[in-house]
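Residue numbers (this note's numbering): 1 to 72.
One or more hints might be untrue.
As the list claims (entries may be wrong) - Below, a list of computed lysine-lysine pairs in the DSS-like style, where the Cα atoms sit at most 25 angstroms apart:
1. K72 with K30
2. K40 with K13
3. K22 with K7
4. K13 with K72
5. K40 with K22
6. K72 with K22
7. K24 with K7
8. K40 with K72
9. K40 with K24
10. K30 with K13
11. K13 with K24
12. K40 with K7
13. K72 with K7
Calculated directly from the structure, the hints in this document are not laboratory data.
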Amino acid sequence: MAKNDDKIEVEGKVLEVIPGGKYKVELQNKFTVIAHVSGKIRMNMIRILAGDTVVVELSPYDLTQGRIIYRK
């Protein structure tokens, strides 16, 4: 199991809201990933819309999926 230290954090912009709680996010290096919302954001009912700048946490094993951990 991966530790939290192994996660990669990158900043990106939400392009599209996909049904089912997923988001299409374009990272700073123009790479597009599918991301879901972390539990803290969901628990505090923070809304994420298309055009928002977010911080995405990626696993080094699968760089095509991520988790949104912060909205700026």
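Q) Among all the numbered hints in the text so far, which are the ones the structure does not match? A) The structure conflicts with no hint, since it agrees with every one listed earlier.
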